[in-house]
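Peer 1: Quick mapping for you: the protein sequence lines, in order, are chains A and B. Once you know that position 222 of the first sequence is 222 in the working numbering, the rest is easy, because the numbers rise by one and skip nothing. Once you know that position 128 of the second sequence is 128 in the working numbering, the rest is easy, because the numbers rise by one and skip nothing.
Quick caveat, the hints were computed from the structure, so don't treat them as lab data. None of the values given here were measured: they were computed from a predicted structure. No residue lacks a Cβ here, since even glycine has one placed at the ideal position from N, Cα and C. Among the clues, some could well be false.
Listed below are several chain A residues computed to face chain B (Cβ distance under 7 Å; list not exhaustive) [unchecked claim]:
hint : residue
1    : E16
2    : A132
3    : T207
Here are the simulated DSS-like pairs of lysine-lysine, each with C-alpha atoms no more than 27 Å apart in a straight line [to be verified]:
hint : chain 1 : residue 1 : chain 2 : residue 2
4    : B       : K45       : B       : K74
5    : B       : K45       : B       : K13
6    : B       : K74       : A       : K233
7    : A       : K177      : B       : K45
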Amino acid sequence: MSVVRGISAFGRGTIENTTGWGAAWVFMYHILVGIFSRPFRGRLILRQLLEIGFNSTLVIFLIGGFTGAVLAVQGEYTLSKFGATAWTGPMVALSLIRELAPVLTALMVIGRAGSAITAEIGIMRITEQIDALRSMAVDPIRYLMVPRFIAAVISMPLLMCVFTSVGIGGGYLVGVKLLGLSPGSFMGQIISNIDILDVNSGLIKSTVFGIIFGWVCCYKGYTCGFGAVGVNKATTQAVVTASVCVLVVDYFLTSILNRIFF
Amino acid sequence: MISVKDIHKRFGKQIVLNGISHDFMPGKITTVVGPSGVGKSVLLKLILGILVPEKGDILIEGHSITLANTEAEKNEIRANLGVLFQSAALFDSLTVYDNIAFPLVERTYLSRPEIHEKVSFMLEALSLQPYYTKLPQEISLGMRKRVGMARSLIMEPKVLLIDEPNTGLDPLVGQEVYDLIKLCHSQWKFTGVVISHELPEVFQVSDRMIMLLNGKIHLEGTPQDFIDSTDLAVQQFIQGRLDGPITIQ
Chain A
1 MSVVRGISAF
11 GRGTIENTTG
21 WGAAWVFMYH
31 ILVGIFSRPF
41 RGRLILRQLL
51 EIGFNSTLVI
61 FLIGGFTGAV
71 LAVQGEYTLS
81 KFGATAWTGP
91 MVALSLIREL
101 APVLTALMVI
111 GRAGSAITAE
121 IGIMRITEQI
131 DALRSMAVDP
141 IRYLMVPRFI
151 AAVISMPLLM
161 CVFTSVGIGG
171 GYLVGVKLLG
181 LSPGSFMGQI
191 ISNIDILDVN
201 SGLIKSTVFG
211 IIFGWVCCYK
221 GYTCGFGAVG
231 VNKATTQAVV
241 TASVCVLVVD
251 YFLTSILNRI
261 FF
Chain B
1 MISVKDIHKR
11 FGKQIVLNGI
21 SHDFMPGKIT
31 TVVGPSGVGK
41 SVLLKLILGI
51 LVPEKGDILI
61 EGHSITLANT
71 EAEKNEIRAN
81 LGVLFQSAAL
91 FDSLTVYDNI
101 AFPLVERTYL
111 SRPEIHEKVS
121 FMLEALSLQP
131 YYTKLPQEIS
141 LGMRKRVGMA
151 RSLIMEPKVL
161 LIDEPNTGLD
171 PLVGQEVYDL
181 IKLCHSQWKF
191 TGVVISHELP
201 EVFQVSDRMI
211 MLLNGKIHLE
221 GTPQDFIDST
231 DLAVQQFIQG
241 RLDGPITIQ
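Next up, chain A with everything else stripped away, as it sits in the complex (with noise of 0.2 Å):
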């Protein structure tokens, strides 16, 4: 009896994954068609733009800064092992353009931004505001997801630029004012080493990260259950699921793109 209470349960459970993987297939053709539609809602886009991109600035500051001087610290003491410390800015540079940067950006405004659109969109769908919409004949798919998600894929390219700045900034300050490293090889080495493929590859893989917190994100909130219990679950739902999903999804794409521009 035990077997076939695990085979059923195994059955149930695919086909409840499968569902659900389809459901939010389906989810995220409706966002790309209501993207291409008309009307286009650019002033809930620019309010979006402010609430995940300017709004997550400050945090991707700090975290940006203090990432950068880490790797300089930990970047000098491993490189004078070979004498090799005027390699410092470069090393800097490159993990947090190609690795550090994207993937920390995504993870901290999955966290911070992402639980806050999942648990909005919770709140409207349990309070009827979603069903509202619909009786208004109004789409909540165009009308709250698409510029959600437009929002999301055109912040996290830029927030990730800024936290390479400040990063190598950070770096800057530890490596140069405290390290005692030579200021000109630190940014000199910086220019020379880092190539304009490295740039597009951190871009890219931001830019994937953004459509994977804007999707994951925005469909956990829409199919948020019953009560303060669901919207909890959905929250905590969309933050381990993209966080995931960003970590598995840089792994293949850093294989890619390596073969692609390396």
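Starting from the structure of chain A, add chain B where the hints point.
Peer 2: Just chain B now, with coordinates in the frame of chain A:
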């Protein structure tokens, strides 16, 4: 007119509506009553096209919302409907003014002065002028219902659906909402569908009533027919007694 024909709706194994048919009289208010969980709000969502029945058809002004395939088709039919939700369902980020103006902004090509004129008229008609700059969370639930009513009437719909008008309100504010429904009905002459379990209070706004029980229409008639009914379930429900054929779910 709204015409509901042989509607069946189930969630999983639970049958909620099992062959409901009813023609809602144009220009009159029909109240759908019944114990909690009997499918009153489900019927409202079926009329709105938010839920789809397994079987049957719902015609709104002659157009089937159940057979409409796309949201665009449904939206055309929904243009005849206004809805006052249980919690008013106002948009938290918009002021009272913007909530009322919302359907005009989203669904019409009216200019700003034209929208302002219509919203000002509605604010005046429903005594909402002192609150127009407030956010929904800054006003009472009774006032939110008033704003919800204004928003649902701003497009002058032929049909107004009202879900549990005085849930969560004290008797005084509840009476105020009933007075509001009467006032709006006398002014806009809409076909009203009120979902409620508040008996006998809801009698005062009802021209016709239907009672749902066990997925079927148990009784339909005027409020007086309900008062005069000798049916045990109807009397148990009106009097709010625990003993009787209706069991608490």
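Peer 1: Compare the structure with each hint and give your call.
Peer 2: We went through each hint and held it up to the structure:
no.: 1; hint: E16; in the structure: violated, 13 Å
no.: 2; hint: A132; in the structure: holds, 4 Å
no.: 3; hint: T207; in the structure: violated, 28 Å
no.: 4; hint: B/K45 <-> B/K74; in the structure: holds, 13 Å
no.: 5; hint: B/K45 <-> B/K13; in the structure: holds, 19 Å
no.: 6; hint: B/K74 <-> A/K233; in the structure: violated, 31 Å
no.: 7; hint: A/K177 <-> B/K45; in the structure: violated, 66 Å
Hints 1, 3, 6, 7 from the earlier list are contradicted by this structure; the remaining hints agree with it.
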